[in-house]
Amino acid sequence: MKAIVGLLCGMVFGVGLAMSGMTDTAKVLGFLDVTGQWVPDLAFVMGGAVLVTLIAFRFVLKMKKPVLNRRFSLPGSSMIDGRLLGGAAIFGIGWGVYGYCPGPAIAALTYLDSKTAMFVAAMLVGMALANKIGKT
Amino acid sequence: MFDYTTFAYTTPLVGGLLIGAASVALLYFLGRIAGIAGIVWGAVSAQPDNAWRWLFILGLLAGPLAYHFVAGVPYPAASSLPWWQAVAGGLLVGIGVRLGSGCTSGHGVCGLGRLSPRSLFATLTFMATGILTVYLIRHVLVEYLP
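Chains as they are written, first to last, in my numbering: chain A, 34 to 169; chain B, 18 to 163.
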């Protein structure tokens, strides 16, 4: 049952990414290019998504537990530190260098462009590297 | 300048609503945050109770295929950027999302939805450096590159 929920949520998420234009690196880079030929369309993606979570999460998180698990698995840390901001800064640079964040990169793998596969492979290497750094 | 002729907000908005709905459903049924960076890392690092993560990723691959097929929308044009830029971008994204504990979905969509100050600061930071990076590459470095 949990697996089916995972599959369906992933599918809807993936449809949303493809429909919204997030899997189009040219559009994403155009959106980030605020001083150039700005493509503002993608502001509606984050806007629409946050509108839904902002309203619905309030009700969901009032439940004692999620439907299929014993408890909610929410991030425990509330610290705003150098690691958080430094990591976010590095992520943003990578996003601006090619135009993919993790979700759209995975979703775009099905377009079978070899550079997308390289991006995802490098992303996994980066994750493993950061994990090593984080442990020391 | 903002190009009015190509501006289209309906598909981005509906796409965004779907992303939000999927995130709500994942929290409602499994109590999990739909942060793609976290889900992918959890899947490849073999966390316990992992089947839902791999199937989420499978859905993330199947969803766009189904959308382009059913809606008859062509795939976006492949990037014209060189391969090394894909590798550099991917590497930085991977390092950044692990150190910063989240990406556009985890911090942006879900974190802002939870009113997490941590996620708000992370989102503002990666938006700022993303914009700055594109500015530098497109409007500054372009003068010095061959």
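Warning: the hint list may mix true and false statements.
Claimed, not checked - Partial chain B-side listing against chain A, Cβ under 8 Å, derived: (1) SER40; (2) PHE86; (3) GLY89; (4) PRO91; (5) ILE112; (6) VAL114; (7) GLY117; (8) SER122; (9) VAL126; (10) ARG135; (11) ARG155; (12) TYR161.
Said to hold, decoys possible - If you anchor each label on the Cβ, the simulated ranges turn out as follows: (13) MET34(A) / GLY89(B): 30 to 38 Å; (14) PHE105(A) / ALA68(B): 17 to 25 Å; (15) GLY167(A) / PHE86(B): 35 to 43 Å.
The set of hints was computed from the structure by calculation and includes no laboratory data.
Quick caveat: nothing in here was measured; it's all calculated off a predicted structure.
Backbone N, C-alpha and C define an ideal beta-carbon position, used for all residues, glycine too.
Hint by hint, work out which the structure violates, then give me just those numbers in ascending order.
-> 2, 3, 4 and 12
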